[in-house]
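Hints in hand, dock the two standalone chains.
Protein chains in written order, with this note's numbering: chain A, 1 to 115; chain B, 1001 to 1115.
Source of the hints: derived by calculation from the structure; they are not laboratory data.
Going by beta-carbon spacing under 10 Å, a handful of chain A positions derived as facing chain B: (1) 4; (2) 9; (3) 32; (4) 34; (5) 41; (6) 46; (7) 106.
Calculated cross-link-like contacts (lysine-lysine; reagent style BS3-like; alpha-carbon spacing at most 30 Å): (8) 110(A) x 1011(B); (9) 107(A) x 1057(B); (10) 1071(B) x 1011(B); (11) 49(A) x 68(A); (12) 107(A) x 1011(B); (13) 1057(B) x 49(A); (14) 107(A) x 1014(B); (15) 1057(B) x 1011(B); (16) 49(A) x 110(A); (17) 61(A) x 49(A); (18) 1057(B) x 1071(B); (19) 1014(B) x 1057(B); (20) 110(A) x 61(A); (21) 68(A) x 110(A); (22) 107(A) x 61(A).
The structure presented is a predicted model; accordingly, all values stated were derived computationally and were not measured. Quick reminder that beta carbons are idealized off the backbone N, C-alpha and C, glycines included.
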Amino acid sequence: AQSVTQPDIHITVSEGASLELRCNYSYGATPYLFWYVQSPGQGLQLLLKYFSGDTLVQGIKGFEAEFKRSQSSFNLRKPSVHWSDAAEYFCAVGPLGAGSYQLTFGKGTKLSVIP
Amino acid sequence: DTGVSQDPRHKITKRGQNVTFRCDPISEHNRLYWYRQTLGQGPEFLTYFQNEAQLEKSRLLSDRFSAERPKGSFSTLEIQRTEQGDSAMYLCASSVQGADNSPLHFGNGTRLTVT
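Pulled out of the complex, with its shape left as it was, chain B reads as follows (with noise of 0.2 Å):
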């Protein structure tokens, strides 16, 4: 177990620049979950995969959001047109699929800055 591995650790960009970031998973999970975590707060809830497909996405995902997960294995998270207030932490989780209670398991984050 390697746990959720993200990459980058840290971007800095322009805004109006796109960015992409990575999120492998644990490898026998196949239940992903992207969160957006701000300074001072908790992390929110921004969407969800199972497999390959996606099951859920939350409000806070505008248009220029786009998350994929194409062989059910790694996910992507795109922002296209970057704005100052999309500067968070991006934080992927992964699950087992087939019990309600299986946990969340959080990778470090990737941390972006929009200048």
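One chain only, chain A, in its complex shape (with noise of 0.2 Å):
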């Protein structure tokens, strides 16, 4: 089964400062992965997606992602986060497997921005 972590619940930086946020993964084979951002009472919005070639891929709003099979981890990056960047951040791997579109979600990383 594929299951995706997200190591830290919540992480808090100040404005200006450089960001990773950290997503390792469980996959049988070449998984298509995915970073979603949602802000509070709102619905997931897609920052970036990986399925194959260059493995580091940019993304919306100036995010990033590196994509490393040794270590099985997709982690996200920003050079230097701005206020509007507070929100809770999804890492998702999938599909489960040929016909199967279910994606895999971590619990989460919430990013809390100090003025």
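Put into structure tokens, the structure is as follows:
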């Protein structure tokens, strides 16, 4: 079964500081990996995705993520955090198999930004 | 692209009552998904439609839950005889058929509170 671990429940950074959110996955084949962001009371917005090719992927809002197969990781980074980045971030892996389109999400990392 | 629309945004009901939620996907998306998100957790897959056909159901979807997508456009999720454990955010998402790498686009969810 596939699974996603986000080791950090809550991270606080100062505005302008760099950010790295960790994600480790367990998956039997080549994974499709995603990062989503969720503001309070809202749905999820896709930040970026990885399917194949270049292991460093660029997303919206200045975010990037690096796929490291040897470490089963897909960490999200941003060089300089803005106050508006405060939200909850979810890493997800999928699909489970041919014909299945389930995404398995981690439990999320809540990001707080200090002005 | 008006995005995925869900109605209502909030629903408060008494235990034992039935509730129904509606999801309108992005118009050209023929795949539709329902997820459930409880406090402090990531979204969990409930069910998936391709056009009007319900192709997958999670074991989380008990007999009290039923989802339909009669004309392959909007979908409804009904919960019968609600229980307090059903309190959660119910998220709908849609995507395009044809590419395994088509990401899910989420709505803002319906927050259900069972008292």
